[in-house]
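If you want the building blocks of each chain, they are given just below.
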Amino acid sequence: MAESPSTTVDVSYVADLARLRLSPEEIATFQKQLGDVLGYVDQLREVDVEHVSLLGEADLKNRLRLDELQPSLTPEQALANAPRQENNLFVVPKMVE
Amino acid sequence: MDLTSLTIPELRRKLSTGAARPREVVDQLAARIAAVDPKLKAYLHLDAEKARAAADSADTTLPLGGVPIAIKDVINVQGDPCTCASKILQGYVAPYDATVITKLREAGAVLFGRTNMDEFAMGSSTENSSWGATRNPWDLDRIPGGSSGGSAAAVGGHEAFAALGTDTGGSIRQPAALCSCVGVKPTYGRVSRYGLVAFASSLDQIGAFTRTVEESALLLEIIAGHDPRDNTSIDRPVPKYTQSLGQGVKGLKLGVPKEYFIEGIDPEIEKSVRAAIDEYRSQGAEIVEVSLPHTKYAVAVYYIIATAECSANLARFDGVRYGKRAQHPKDILDMYGRTRAEGFGAEVKRRIILGTYVLSSGYYDAYYNRAQKVRQMIAEDFRLAFEQCDALLTPTSPTAAFRLGERTQDPLQMYLADIFTIAVNLAGICGVSIPCGFTSGKLPIGLQIIGPKWGEETMFRVAHAFEQATPWHKEKPPI
Numbered sequence: 001m002a003e004s005p006s007t008t009v010d011v012s013y014v015a016d017l018a019r020l021r022l023s024p025e026e027i028a029t030f031q032k033q034l035g036d037v038l039g040y041v042d043q044l045r046e047v048d049v050e051h052v053s054l055l056g057e058a059d060l061k062n063r064l065r066l067d068e069l070q071p072s073l074t075p076e077q078a079l080a081n082a083p084r085q086e087n088n089l090f091v092v093p094k095m096v097e
Numbered sequence: 098m099d100l101t102s103l104t105i106p107e108l109r110r111k112l113s114t115g116a117a118r119p120r121e122v123v124d125q126l127a128a129r130i131a132a133v134d135p136k137l138k139a140y141l142h143l144d145a146e147k148a149r150a151a152a153d154s155a156d157t158t159l160p161l162g163g164v165p166i167a168i169k170d171v172i173n174v175q176g177d178p179c180t181c182a183s184k185i186l187q188g189y190v191a192p193y194d195a196t197v198i199t200k201l202r203e204a205g206a207v208l209f210g211r212t213n214m215d216e217f218a219m220g221s222s223t224e225n226s227s228w229g230a231t232r233n234p235w236d237l238d239r240i241p242g243g244s245s246g247g248s249a250a251a252v253g254g255h256e257a258f259a260a261l262g263t264d265t266g267g268s269i270r271q272p273a274a275l276c277s278c279v280g281v282k283p284t285y286g287r288v289s290r291y292g293l294v295a296f297a298s299s300l301d302q303i304g305a306f307t308r309t310v311e312e313s314a315l316l317l318e319i320i321a322g323h324d325p326r327d328n329t330s331i332d333r334p335v336p337k338y339t340q341s342l343g344q345g346v347k348g349l350k351l352g353v354p355k356e357y358f359i360e361g362i363d364p365e366i367e368k369s370v371r372a373a374i375d376e377y378r379s380q381g382a383e384i385v386e387v388s389l390p391h392t393k394y395a396v397a398v399y400y401i402i403a404t405a406e407c408s409a410n411l412a413r414f415d416g417v418r419y420g421k422r423a424q425h426p427k428d429i430l431d432m433y434g435r436t437r438a439e440g441f442g443a444e445v446k447r448r449i450i451l452g453t454y455v456l457s458s459g460y461y462d463a464y465y466n467r468a469q470k471v472r473q474m475i476a477e478d479f480r481l482a483f484e485q486c487d488a489l490l491t492p493t494s495p496t497a498a499f500r501l502g503e504r505t506q507d508p509l510q511m512y513l514a515d516i517f518t519i520a521v522n523l524a525g526i527c528g529v530s531i532p533c534g535f536t537s538g539k540l541p542i543g544l545q546i547i548g549p550k551w552g553e554e555t556m557f558r559v560a561h562a563f564e565q566a567t568p569w570h571k572e573k574p575p576i
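Heads up: the protein sequence lines correspond to chains L and E, in order.
Just so we're aligned, residue 1 is where the first sequence starts under our numbering, counting upward by one.
Just so we're aligned, residue 98 is where the second sequence starts under our numbering, counting upward by one.
Please keep in mind that the hints were generated in silico from the structure rather than gathered at the bench.
A couple of the hints might just be wrong.
[To be verified] Capping the alpha-carbon separation at 30 Å, the derived lysine-lysine pairs in BS3-like fashion look like this: (1) 32(L) x 470(E); (2) 61(L) x 200(E); (3) 200(E) x 111(E); (4) 200(E) x 393(E).
The structure displayed is predicted, hence computed values, not measured ones.
Chain L extracted, bound-state conformation:
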């Protein structure tokens, strides 16, 4: 049996990891709802998985190709949906002083 995982989620900590700002109301609602879902998910602890080793996808194998230029989006097409762009670049707030 695996160690019992906690069924309370520190929602604001996890939201920070996910780069997602939540309101205090959202944090409270999610805390409860995710507690319910994790309580449900907890039933997986009764399955004996000790003997299972993950096999991966039998049908899949790496496919290689020559490193040659192929048709792709032009810079203009790639930038067409950008909220801000300049000189063929995506513009974001300053990150380094």
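On the provided structure of chain L, position chain E as indicated by the hints.
Chain E alone, transformed into the frame defined by chain L:
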């Protein structure tokens, strides 16, 4: 002449003999949509002028020449919006075609309209759309299912001949059942995912909504096939699925998994599905009981794996390259945090949080790794079951369409709507839902036929045999 209720083969005959012109088809469909879509709200975007222009240049000798096909708003169609029903992609215009779209174009189809969905395909009712819920054509107070509810309502409501959808845990089969359509989820790797906005990459597959099995087989043979741009698509020849129809079920062994007839299933659903099993028996199929012992864990496994994958996939929506960006960001973290807070709806946020949590340090083994192992056991259950039979028969959904708002406050109840469809995605096998009756309140009921990996031919053959012997697929909704 009403063209909108024709099947694709019937329409093709009219078009190829010149009895109808592609433009007329678009005109009639647009008129039908203008009349009923204010009630159904199946479409998010519709450019009838563009469709007319495409119709005028359609080559009616091609397999889908001049046939309009609606597309779920999660698949890129060059020059069209693709919002995934999310505010975070408001204003986004697709710069390229998904591979399935290229294949539809090559087959002569007229791409027609984007259909509504749960935001980023997360949901079972289409109520999680940022642009409002779609209604069920059989009862406007009820949900059409989800997440591909717009595609299901459009085809079921005769606002589309066929539509593409996507299925991660039942998002084609469950709405197809609830709207009385045929909905196919192909084997994982059968159809390219290039150009599909990813939700859970190891589960997502593109499939089709149609009104008959023959059309379902036709669309799949057109969109299937290996694509070098999707490394999870498999290089295997695509059979002519339409040629597997009409052989009957005599000599086939059809399995009935006992774990799919559980407490909580609506008695009317069970009765219809049992009657369908009897129909197969009377057609000469041998019915065998099989067991899929890990069935009850499928929903739990799914909500770990799907949310984990979604938390990674949706990291790309950060306000940098496309879509919405929060106004006046203080710094880059403020921009990410507020862009995502303002752009995503509640269910998407919930799943990102859950997925981030189950992948986070200290919980990975207890949740994600364990879920992957149980997933493998579920796949093994199916492998063993298919040693005893050619296909499985189950209900598609435990209940008929529920009322709008009934489950929106209780995510867990909503998740359980997919209890009979999820395991198929986890195992990477194929399934199709076909109409098999109605409740006493005249709500559609779906029968799910599950095939092994690459078992689409038998699956379609079994589906077709039932359809040809029963009247359910011919019924039209009251709208």
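Against the structure, the hints:
{"no.": "1", "hint": "32(L) x 470(E)", "verdict": "27 Å, holds"}
{"no.": "2", "hint": "61(L) x 200(E)", "verdict": "25 Å, holds"}
{"no.": "3", "hint": "200(E) x 111(E)", "verdict": "23 Å, holds"}
{"no.": "4", "hint": "200(E) x 393(E)", "verdict": "38 Å, violated"}
Consistency note: the structure conflicts with earlier hint 4 alone.
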